[in-house]
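Chains as they are written, first to last, in the UniProt record's numbering: chain X, 1 to 274; chain D, 1 to 274; chain Z, 1 to 274; chain P, 1 to 274; chain S, 1 to 274; chain H, 1 to 274.
Honestly, the hints are just simulated from the structure, not real lab data. In this text the structure is predicted, and so the values were computed from the model without any measurement. It cannot be assumed that every hint is accurate.
Identical copies carry no separate label here, and so any pair may be met within one copy or between two of them.
[Stated by the list, open to error] Below are the DSBU-like pairs computed for lysine-lysine, each with C-alpha atoms no more than 30 angstroms apart in a straight line:
1) Lys256 to Lys6
2) Lys169 to Lys196
3) Lys260 to Lys91
4) Lys94 to Lys218
5) Lys91 to Lys6
6 protein chains.
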Amino acid sequence: MFFHRKELQYHAKPEKSDPLFAKQLQEILGGQFGEMSVAMQYLFQGFNTRGNEKYKDLIMDTGAEELGHVEMIATMVARLLDGAPINEQEKAAKDPVIGAIMGGMNPHHAIVSGLGATPENSAGVPWSAGYIIASGNLMADMRANLNAESQGRLQVARLYELTEDRGVKDMLSFLLARDTMHQNQWMAALQELEEKEGGKITPTTVPAEWEAMDFSHKLYNFSEGEDSARGIWASGNAPDGHDFQYESEPVGFGGKPELKPAPPYVHSTPPLDK
Amino acid sequence: MFFHRKELQYHAKPEKSDPLFAKQLQEILGGQFGEMSVAMQYLFQGFNTRGNEKYKDLIMDTGAEELGHVEMIATMVARLLDGAPINEQEKAAKDPVIGAIMGGMNPHHAIVSGLGATPENSAGVPWSAGYIIASGNLMADMRANLNAESQGRLQVARLYELTEDRGVKDMLSFLLARDTMHQNQWMAALQELEEKEGGKITPTTVPAEWEAMDFSHKLYNFSEGEDSARGIWASGNAPDGHDFQYESEPVGFGGKPELKPAPPYVHSTPPLDK
Amino acid sequence: MFFHRKELQYHAKPEKSDPLFAKQLQEILGGQFGEMSVAMQYLFQGFNTRGNEKYKDLIMDTGAEELGHVEMIATMVARLLDGAPINEQEKAAKDPVIGAIMGGMNPHHAIVSGLGATPENSAGVPWSAGYIIASGNLMADMRANLNAESQGRLQVARLYELTEDRGVKDMLSFLLARDTMHQNQWMAALQELEEKEGGKITPTTVPAEWEAMDFSHKLYNFSEGEDSARGIWASGNAPDGHDFQYESEPVGFGGKPELKPAPPYVHSTPPLDK
Amino acid sequence: MFFHRKELQYHAKPEKSDPLFAKQLQEILGGQFGEMSVAMQYLFQGFNTRGNEKYKDLIMDTGAEELGHVEMIATMVARLLDGAPINEQEKAAKDPVIGAIMGGMNPHHAIVSGLGATPENSAGVPWSAGYIIASGNLMADMRANLNAESQGRLQVARLYELTEDRGVKDMLSFLLARDTMHQNQWMAALQELEEKEGGKITPTTVPAEWEAMDFSHKLYNFSEGEDSARGIWASGNAPDGHDFQYESEPVGFGGKPELKPAPPYVHSTPPLDK
Amino acid sequence: MFFHRKELQYHAKPEKSDPLFAKQLQEILGGQFGEMSVAMQYLFQGFNTRGNEKYKDLIMDTGAEELGHVEMIATMVARLLDGAPINEQEKAAKDPVIGAIMGGMNPHHAIVSGLGATPENSAGVPWSAGYIIASGNLMADMRANLNAESQGRLQVARLYELTEDRGVKDMLSFLLARDTMHQNQWMAALQELEEKEGGKITPTTVPAEWEAMDFSHKLYNFSEGEDSARGIWASGNAPDGHDFQYESEPVGFGGKPELKPAPPYVHSTPPLDK
Amino acid sequence: MFFHRKELQYHAKPEKSDPLFAKQLQEILGGQFGEMSVAMQYLFQGFNTRGNEKYKDLIMDTGAEELGHVEMIATMVARLLDGAPINEQEKAAKDPVIGAIMGGMNPHHAIVSGLGATPENSAGVPWSAGYIIASGNLMADMRANLNAESQGRLQVARLYELTEDRGVKDMLSFLLARDTMHQNQWMAALQELEEKEGGKITPTTVPAEWEAMDFSHKLYNFSEGEDSARGIWASGNAPDGHDFQYESEPVGFGGKPELKPAPPYVHSTPPLDK
Ligand SMILES: [Ca+2]
Ligand SMILES: [Ca+2]
Ligand SMILES: [Ca+2]
Ligand SMILES: [Ca+2]
Ligand SMILES: [Ca+2]
Ligand SMILES: [Ca+2]
């Protein structure tokens with residue numbers, strides 16, 4: 001069960017309205033790595049965790065927090081939209097600054113939500129659950145989470161560069177901090193999982209005999225030029241303890257694939273080519 | 001520029017046809033973490049890399065390889081569809097095994113592609129570029145890549161459990177191996193980037209004064225129960241060198257958000273509530 | 001069968017071209033509550049109606065009309081795009097008003113449709129059949145329809161505020177009127193259905209013993225603060241004739257959900273947590 | 001801010017596993033009118049409410065409750081997947097019942113989530129924020145909400161017919177009850193709003209002179225046959241107090257739409273037709 | 001304006017119910033090349049035609065017809081769903097044929113539409129306007145139309161193979177015929193356009209000096225093996241009158257692309273690679 | 001297998017940065033007919049070709065080339081984004097030209113990709129595999145290909161009109177040329193297929209007795225007005241050798257569709273209408 005408390009987790013008050021920034025800020029609300037994504041990703045991971053209550057509680061703690069971030073950013077978007085010049089056509093025709101705002105703002109903020117946040121990214125594309133992952137394997141999912149918090153903090157930093165508003169920057173400073181915590185916690189969990197499971201290659205439960213081990217540590221040079229051969233991934237010890245190898249001229253093992261002619265009942269092209 | 005060589009990188013020959021498994025196998029072709037995703041993700045990361053040619057070459061090596069995996073799995077899907085019972089209605093009505101195959105196979109394999117692979121996942125949903133990430137920040141993107149190879153290898157392992165076909169298992173054994181390599185290489189690259197950039201919190205370039213540091217290491221207990229307090233993420237040293245803190249009863253700092261009444265020109269509900 | 005007559009149902013002539021408004025107007029053509037949505041929603045409802053020919057005819061009357069509205073708005077969009085400054089780069093570099101238009105217009109209007117309407121919303125997202133509903137239950141669907149006409153008329157009113165063009169306003173005045181009619185007619189149908197079916201809770205056919213009646217009239221206070229307790233939905237008579245109740249501190253009946261550990265063959269995390 | 005409590009709002013324990021029903025049940029989790037939709041719809045409505053705290057609290061009470069329903073159904077799905085025959089190929093080949101289950105279950109439950117719920121509908125299509133609505137106009141949105149609870153309860157009733165499992169039916173009986181409450185409460189709110197705003201045509205704030213009133217109460221017979229003329233929507237008093245009219249042979253007012261020839265710089269077809 | 005007449009254009013009566021075929025038949029209703037696609041494609045092309053009334057009328061004739069095909073197939077789907085075994089769980093547990101039907105049918109047909117057609121393809125993915133094209137250039141669009149009718153007729157032929165029902169086959173025989181007509185008419189229109197515009201390369205209006213003519217007739221051998229050199233596309237006269245050339249070893253003209261280092265304000269990876 | 005060579009196939013260097021054009025150029029990278037579409041379409045067609053190696057090689061030659069075009073345009077987009085004014089808010093507030101650029105550019109270029117290309121169209125909608133087609137029938141697919149190259153070249157021509165940059169125009173001149181070649185080659189292949197298969201109506205393998213031949217050559221006048229009767233598609237010889245016929249007043253053959261009442265277990269509306 002979820003309970004809502006009216007206070008925001010942190011301040012969400014801009015100094016002044018800014019409809020263009022409202023549009024840009026939507027990215028971290030309803031974009032691929034916005035707050036809707038991390039909230040839903042963590043909640044589904046938590047719901048699906050089988051056993052392992054300590055991890056589940058950590059995941060649910062964070063999922064519930066992210067719901068509060070959705071609220072915080074939605075509130076900021078609404079306030080940035082106060083005073084959007086959506087009924088000032090006459091002025092817009094003469095004043096290019098107003099014209100640029102009307103041309104650049106998300107039309108949904110005027111027409112669909114009536115000066116409110118929308119569940120979509122900075123280009124106006126609706127949020128999709130196709131963004132999220134909850135695989136049931138905690139090591140895999142901690143990596144998904146570490147990635148999400150890394151992409152998310154990067155986007156917050158870029159948005160920080162895009163505004164001069166001290167109120168907005170204040171909220172972003174909090175989000176930078178929380179993304180720091182979340183990167184830290186998922187890295188710590190990951191480290192513990194790798195130790196407890198005794199390996200870093202996910203899933204750790206695959207029997208050795210399932211894997212074609214000859215191919216497990218070779219870097220194939222499929223892009224001309226050997227710059228990559230200079231990396232620590234091309235020779236020496238790999239993170240899983242085996243040695244990396246470099247293959248400068250990869251060959252194929254699978255032969256040329258020729259498919260059987262199509263049977264007549266699929267009405268594809270009969271064999272014409274002789 | 002890209003060049004195609006006709007040989008497959010590895011064998012893709014099933015022992016016998018299996019339209020149901022062809023449907024399931026689509027997940028690692030056109031699903032969220034299928035080969036289309038990693039191929040396109042790496043290629044876009046490579047195209048967008050600015051400077052850092054060594055990393056770029058590694059990324060392009062791997063992106064080009066993944067295109068070959070798309071081909072390998074597409075070929076396997078086509079061969080698994082040889083002999084799909086799509087014109088055997090009369091038999092199907094009497095033979096429940098044939099009936100189950102016809103009911104369970106992806107209808108697109110019969111109607112749309114004519115016994116060929118489709119660019120979609122195991123549920124028949126078309127692949128979307130919304131799955132991929134190429135942020136321009138290599139540390140963030142290596143984490144995306146490590147996640148992708150972890151989710152991908154997990155799905156391959158699950159598919160391995162779903163079939164008895166030795167030809168299919170042979171191809172999957174190769175994919176398990178390549179995902180092992182790719183997890184290894186992205187981990188190695190990540191380790192090097194963290195060392196060279198001197199930090200693990202992405203992006204490392206955010207000035208300290210941008211961040212509300214009071215909130216950077218606190219675990220908030222937003223889900224009742226304190227199981228998570230027992231973890232290494234709740235106290236002691238965090239991966240970035242600072243100390244974790246645990247907050248059992250989180251409070252709000254942002255006050256209750258009240259928005260201004262809607263201006264008349266958006267035709268929202270006027271204030272009624274007094 | 002459908003027949004097309006060349007006349008438009010109403011005027012669709014702007015006073016002058018306006019590519020930015022063309023973009024905004026797309027919302028009521030290809031947006032969630034645009035004319036494509038109501039047309040397709042009503043047609044599918046009509047096709048699927050079983051028995052009840054009087055309702056079916058009303059629905060088909062309206063669905064066919066909405067196809068004409070698609071045409072009317074598409075025509076208006078095309079005319080608003082006459083004279084779009086898409087080959088005036090040199091001027092645009094100097095004239096910020098032209099620059100704002102080029103920056104703000106939908107690029108599809110220039111590149112994809114060549115100054116024609118597109119089947120997408122004001123942000124350029126293609127129309128999706130995921131917007132519509134045709135459930136087979138007329139009471140449920142009349143509510144979907146009443147909602148669609150309410151959202152639609154709201155968006156028309158907001159667009160009316162966004163333009164000074166008398167030709168555009170003339171067309172919008174007609175759309176406001178038709179949405180008034182459609183709200184009226186769906187409300188009337190709904191009222192009749194509620195009377196004939198003898199209830200307002202959809203579907204009316206659920207046997208009483210299927211429902212956990214203890215929970216059918218309770219408002220649970222899941223968001224801190226008791227403002228909602230002051231409403232007519234918290235006590236007194238409910239629309240279905242029973243009495244509302246208010247529960248200030250909701251409790252759970254379902255216990256703490258613990259899932260069985262994952263079986264080994266899904267390669268999820270084994271139980272680590274003890 | 002949101003807080004999570006570990007107890008489920010209601011029981012979510014099936015008598016036995018049933019992977020096919022797990023797939024079907026996804027509809028009310030991640031479908032157009034599933035719990036994700038109502039949760040997100042209500043939360044965004046609440047976040048965007050301007051003034052009108054009593055309504056906002058009601059909306060937030062309900063939004064937070066729906067998050068708990070997401071959790072309840074996700075838990076049920078996971079339990080229905082216990083014992084899915086995903087590593088029993090040999091048996092499946094011989095036992096048509098197991099074969100039908102494997103052919104009919106959602107492949108994502110086996111391959112992607114590892115026996116957990118997924119954020120998608122019963123066909124495996126990911127949830128989309130394009131489903132939801134938060135317009136800022138409460139009367140319009142209450143109609144969206146009444147529709148959502150009507151469609152939702154209809155789907156629960158249909159799922160009730162699809163299972164014999166008493167544990168599942170118990171959970172569905174609770175959902176039927178809550179959807180009864182939610183239909184009741186949105187109807188009550190709607191009634192109050194119509195009274196306070198003094199009208200039933202949304203938005204009530206449109207000035208009379210904006211609307212082409214001649215067209216506001218006419219039913220046009222665009223589908224051959226006059227069955228619809230027998231309805232209460234074709235004559236007599238309309239819900240807004242005016243009188244309905246019936247137009248048996250609708251005519252066009254807008255003339256034949258002829259567009260200007262395309263300018264050469266869009267490279268469309270030049271005028272050929274003479 | 002559009003008018004609807006109640007008669008179907010052709011018979012749509014199956015001999016008996018068949019929920020699995022109902023699912024498959026959805027492909028030509030709501031799939032990429034289903035009737036919704038051709039209807040909407042032609043209508044948008046017609047709405048956007050500038051001048052050229054003869055073509056516009058042909059396009060509108062056909063678009064209106066296709067709306068009638070949507071209706072015809074929707075009706076067939078509904079009739080194929082009569083008698084779907086959705087409340088026969090007890091039987092299904094024992095009877096594998098019923099089990100296979102319940103596992104294989106589209107769950108939306110039971111839960112969402114209540115035995116009606118849905119606006120989605122055979123995998124249950126909703127129709128998207130991203131499928132259609134209306135470019136304003138008639139030659140380009142006639143090619144889109146010829147393709148649509150070719151893919152469509154191919155899918156009808158494959159569906160014909162999938163059923164033994166004489167009523168279904170009767171309807172499909174009509175659709176095969178109409179797709180024959182539509183292929184014929186678009187080919188005829190295309191031929192006329194090519195003659196009138198004096199060329200076959202679309203758009204014909206591009207000035208010669210815009211095009212890097214050295215590259216306009218070369219086949220580059222980017223896939224190892226020279227099978228393609230044996231084709232009429234590798235030497236001799238091309239359809240536009242020039243001569244084809246074959247380049248066995250393609251070279252690059254654009255140099256190695258090196259991008260400038262990322263500026264600090266995007267927080268990408270600084271140059272590390274030396 | 002695919003190999004990557006670092007050189008670009010052609011120059012991709014703009015004279016100067018232009019973030020607005022970078023946004024527009026995305027259309028031919030990640031739009032419906034962008035390079036991702038043709039690359040993926042051809043590769044899937046090649047993978048699925050059964051027999052017919054000469055055609056397969058041609059398709060693979062072209063698919064591999066198109067991957068190189070993705071790279072070329074991605075590089076151009078990145079270079080057009082050099083110098084995007086994304087940290088110049090103070091200037092933007094005063095300088096409307098900078099304001100228009102910031103309002104008009106794709107926010108993803110600043111926030112998500114950090115001045116790199118994105119896998120999406122000019123409106124910011126992610127590329128979808130729902131755009132592509134690989135049916136297994138070469139005649140049908142050659143028509144899809146001819147259409148794709150026609151739409152693509154049209155869009156390149158329109159983009160050529162939208163820029164004054166000589167570097168950009170140079171790259172577009174190459175793309176115009178390659179689209180000329182590809183239109184030529186698919187037309188040639190089509191002509192050969194029509195000859196070898198002995199017919200132009202796809203698929204050519206449908207037995208005559210499957211088709212309701214009475215309807216195979218009739219143009220039905222479903223849109224009022226007889227302009228279309230003046231075309232070569234209304235009388236005289238059709239491309240398949242039969243004669244066209246014109247039907248000025250189309251009638252229905254299928255009767256009025258009445259569906260059986262809904263069975264009680266779907267909880268639709270019972271028959272009310274008498
Ligand atoms: Ca290399
Ligand atoms: Ca906790
Ligand atoms: Ca409350
Ligand atoms: Ca009528
Ligand atoms: Ca070749
Ligand atoms: Ca006509």
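Problem - 30 angstroms Cα threshold - placement of lysine 196 relative to lysine 169 - result: between (40 angstroms within a copy, 29 angstroms between copies)
Practice task
Go through the copies and call it for lysine 256 and lysine 6: within, between, both or neither, with a Cα cutoff of 30 angstroms.
Solution key: between (64 angstroms within a copy, 5 angstroms between copies)
Exercise for the section: State whether the alpha carbon distance between lysine 94 and lysine 218 is at most 30 angstroms within one copy, between copies, both, or neither. Expected result: neither (64 angstroms within a copy, 41 angstroms between copies)
Problem - Status of lysine 6 relative to lysine 91 across identical chains (alpha carbons, at most 30 angstroms) - result: neither (39 angstroms within a copy, 38 angstroms between copies)
Exercise for the section: If the cutoff is 30 angstroms on CA atoms, where do lysine 260 and lysine 91 land: within, between, both or neither? Let me know, please. Expected result: Classified as between; 24 angstroms across copies, 68 angstroms inside a copy.
Violated hints for the displayed structure, listed by number in ascending order: 4 and 5.
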